[in-house]
Amino acid sequence: MSYSDIYAAWQADPEAFWMEQADLIDWDRRPSRAYFDQGPVGEWFADGLLNTCWNAVDRHVEAGRGDQIAIMHESPVTLSTKGITFRQLRDRVALLAGALRKQGIGKGDRVIIYMPMIPEALEAMLACARLGAVHSVVFGGFAAHELAVRIDDCQPKAIIAASCGIEPGRVVHYKPLLDAAIDQAAHKPEFCVIFQREEEVAGLVEGRDLSWHGFQYGVEPADCVPVEGNHPAYILYTSGTTGQPKGVIRHTAGHLVALHWSMNNIYNIHEGDRFWAASDVGWVVGHSYICYGPLLAGATTVVFEGKPVGTPHAGVFWRIIQNHRIKSFFTAPTALRAIRREDPDGEWIRRYKLHELQALFLAGERADPETVTWAQKHLGVPVVDHWWQTETGWAIAANPIGIEILPTKPGSPSVPMPGHDVQILDESGQPVPPGTLGAVAIKLPLPPGTLPTLWNAEDRFRKSYLDRFPGYYETGDAGYIDADGYLYIMARTDDVINVAGHRLSTGAMEEVLASHPDVAECAVIGVADNLKGQLPLGFLCLKSGSQTPHDQIVQEVITMVRDKIGPVAAFKTACVVDRLPKTRSGKILRATMAKIADGEEVKTPATIDDPAILDEIRSALNSVGYPAG
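Residue 588 in full-length UniProt numbering sits at position 588 of the sequence shown, and the numbers go up by one each step.
Bear in mind the hints are in silico, worked out from the structure with no lab data behind them. Don't take each hint at face value.
Claimed, not checked - Taking lysine-lysine and the DSS-like style, the derived pairs with C-alpha atoms no more than 25 Å apart in a straight line are:
id : residue 1 : residue 2
1  : 603       : 572
2  : 595       : 572
3  : 532       : 595
4  : 463       : 595
5  : 102       : 157
6  : 587       : 543
7  : 107       : 157
8  : 188       : 307
9  : 377       : 572
10 : 409       : 188
11 : 532       : 572
12 : 377       : 353
13 : 587       : 603
14 : 102       : 82
15 : 377       : 409
16 : 463       : 587
17 : 188       : 157
18 : 463       : 82
19 : 82        : 307
20 : 188       : 107
21 : 463       : 353
22 : 409       : 463
23 : 307       : 377
24 : 603       : 409
25 : 543       : 572
26 : 587       : 307
27 : 107       : 82
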């Protein structure tokens with residue numbers, strides 16, 4: 001069947017479509033139907049019984065694949081490599097779950113996981129799932145205050161942490177951050193489990209902290225606990241506009257059904273294949289496509305502790321893809337841009353044999369056409385820019401190479417996936433003609449695997465996602481759909497700027513800037529202007545080895561924007577910077593940059609990768625006449 005056949009089958013009978021997909025996972029009790037009209041946006045497979053850990057681990061051992069590698073750990077920062085088979089993973093997870101059970105952890109209890117990119121992080125997630133406990137992974141090394149906010153919101157019975165994380169050239173001390181967070185939080189966990197790494201052994205608080213290995217000694221392994229289909233599998237916090245993070249909930253059954261469908265049909269990954277998502281377990285990609293998705297499909301997943309450049313060089317991704325014969329690779333556009341900046345001619349790529357790589361998938365930040373074209377040229381495989389969110393848990397739009405490889409259009413994440421009726425709406429909530437920029441929304445109900453609500457915040461869920469366009473989920477993104485049905489995500493809704501009454505996409509301007517031969521990465525923001533309301537301002541990061549004078553590059557990109565978008569854009573100012581402020585997941589902090597340019601007081605975002613970069617942005621803005629705040 002073609003993509004259009006499958007999408008049409010879902011449209012014709014969503015109930016039958018998703019029940020057919022549900023039969024591909026293991027149930028203790030099969031659900032009576034797929035969709036239940038309950039809760040703010042409905043629920044999926046609510047009366048079924050099943051267990052996530054069984055589907056991700058145990059069933060593959062039972063099927064005779066126990067000796068297959070389940071997790072391959074690659075850590076260029078500690079110079080170590082380790083493989084764990086499905087049988088070993090089952091035994092390790094069952095023992096950890098037994099130890100947690102002995103300490104009183106059971107179905108519905110919350111457990112925060114605060115760990116680096118090591119296999120034990122996945123084991124902790126799976127052990128919680130085995131017991132029906134609800135995990136909430138917080139990015140390792142997150143600031144103590146932000147961790148405290150999450151402790152108070154989800155009120156964990158336990159916290160599982162590592163003693164430290166390893167960054168290029170430094171050790172990140174997790175335990176002092178954890179101790180400070182617990183001191184600040186009103187809610188106190190009953191106990192903490194600390195995995196001691198060789199690079200740093202942390203001091204334990206007597207009566208509260210337990211050693212990872214010590215507390216498992218002599219414990220009986222735990223069996224999988226069946227839970228209802230609408231039982232929360234995890235809570236994952238995403239940034240909120242109020243400063244209070246939003247706890248996205250993922251229901252168990254819909255999560256498994258959707259991920260299994262996506263592994264087979266989007267990524268073309270099946271039993272025995274090798275898949276790598278270069279992300280972190282602190283983000284949704286780490287949940288869906290480092291831990292649960294690949295294991296659910298019976299594939300080998302890679303856990304990578306390192307950076308795209310500098311650990312030790314710009315070829316580390318390609319070395320791992322070669323050595324582990326990766327079939328599908330998933331990373332963020334910002335990682336690819338960092339590699340392109342260091343290796344513009346693709347010399348590192350040519351050093352490795354990537355014979356088994358079938359596709360590169362990008363998500364997390366808009367993939368500009370220049371970066372996509374560069375990757376396709378040097379890798380010789382389809383580059384799939386697919387679009388999704390923490391809230392959705394899997395792709396809203398993609399090129400489903402497990403079904404068929406559709407023609408790619410640089411700048412577009414291709415077409416909507418089954419379950420997603422994507423529409424472009426004007427400010428009054430009415431659909432707009434093809435090619436017209438508007439708010440990207442998804443007609444309700446949302447498909448399995450997406451968020452049913454926020455943790456203890458249903459009113460906020462409605463206000464954030466449902467109230468503006470009744471009958472739709474508001475994505476917060478702006479874009480358009482072309483005459484072929486291809487979707488284009490141009491910017492966050494807040495990043496669409498209004499220049500003298502004209503609504504313009506910063507993403508479209510960034511496409512033009514990125515096409516300059518010296519530009520490796522860029523960002524465009526809107527800054528306040530007394531005459532025109534807003535004016536665009538560009539930031540340019542140049543490729544390594546660029547010899548062109550900065551003033552010349554700035555003038556050239558100004559001319560390019562005028563030629564390709566027109567004088568209406570009023571693009572007259574750009575500055576060259578060494579780097580852009582980003583979150584740890586690679587998203588450019590455009591709103592923060594705009595506030596600085598407008599002279600507003602700026603609170604350093606909790607998710608920023610390096611706070612010092614904001615001073616560099618202030619200096620750059622001052623150099624082009626903005627008295628930055």
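Hint check results:
Between residue 603 and residue 572 the CA atoms are separated by roughly 28 Å; this puts the pair beyond 25 Å, and the hint is violated. For a cut-off of 25 Å, the pair hint linking residue 595 to residue 572 stands: about 19 Å separates their Cα positions. Distance check on the hinted pair: residue 532 and residue 595 sit about 17 Å apart at the alpha-carbon level, within 25 Å; holds. The straight-line distance between the Cα atoms of residue 463 and residue 595 is roughly 24 Å, inside the 25 Å bound, and the hint therefore holds.
Distance restraint check for residue 102 and residue 157: the Cα-Cα separation of roughly 13 Å lies within the 25 Å cut-off, and the hinted pair is therefore satisfied. A distance of roughly 19 Å separates the Cα atoms of residue 587 and residue 543; the hinted pair therefore holds under the 25 Å criterion. Simply put, residue 107 and residue 157 have alpha-carbon atoms about 11 Å apart, close enough for the 25 Å limit, and the pair holds. Annotation: proposed proximity of residue 188 to residue 307 is violated, straight-line Cα distance about 34 Å (limit 25 Å).
The suggested pairing of residue 377 with residue 572 is violated, with an alpha-carbon distance near 32 Å, which exceeds 25 Å. In summary, the hint linking residue 409 to residue 188 is not supported, as the alpha carbons are separated by about 51 Å, beyond the 25 Å threshold. Between residue 532 and residue 572 the CA atoms are separated by roughly 13 Å; this keeps the pair inside 25 Å, and the hint holds. Distance restraint check for residue 377 and residue 353: the Cα-Cα separation of roughly 15 Å lies within the 25 Å cut-off, and the hinted pair is therefore satisfied.
Pair hint residue 587 plus residue 603 holds up; C-alpha atoms about 17 Å apart against a cutoff of 25 Å. Between residue 102 and residue 82, the direct Cα distance comes to roughly 29 Å. Violation of the 25 Å bound is thereby established for this hinted pair. With a C-alpha separation of about 14 Å, the suggested pair residue 377 and residue 409 falls inside the 25 Å cut-off, and the hint holds. For the hint linking residue 463 to residue 587, the alpha-carbon distance of about 24 Å falls within 25 Å, and the restraint holds.
This hinted pair checks out: residue 188 and residue 157 have alpha carbons roughly 8 Å apart, not beyond 25 Å. The hinted pair formed by residue 463 and residue 82 fails the criterion: a straight-line CA distance of about 46 Å is larger than 25 Å. The suggested pairing of residue 82 with residue 307 holds, with an alpha-carbon distance near 18 Å, which does not exceed 25 Å. Pair hint residue 188 plus residue 107 holds up; C-alpha atoms about 19 Å apart against a cutoff of 25 Å.
Between residue 463 and residue 353 the alpha-carbon distance is near 50 Å, which puts this suggested pair outside the 25 Å criterion. For the hint linking residue 409 to residue 463, the alpha-carbon distance of about 34 Å lies beyond 25 Å, and the restraint is violated. With a C-alpha separation of about 23 Å, the suggested pair residue 307 and residue 377 falls inside the 25 Å cut-off, and the hint holds. Among the hinted pairs, residue 603 with residue 409 is inconsistent with the structure: their alpha-carbon atoms are about 38 Å apart, more than 25 Å.
Distance check on the hinted pair: residue 543 and residue 572 sit about 22 Å apart at the alpha-carbon level, within 25 Å; holds. Under the criterion of a C-alpha separation no larger than 25 Å, the hint pairing residue 587 with residue 307 is consistent with the structure, at around 15 Å. For the suggested pair residue 107 and residue 82, the alpha carbons sit about 31 Å apart, so the restraint of at most 25 Å is broken.
The structure is inconsistent with the numbered hints 1, 8, 9, 10, 14, 18, 21, 22, 24, 27, although it conforms to all the rest.
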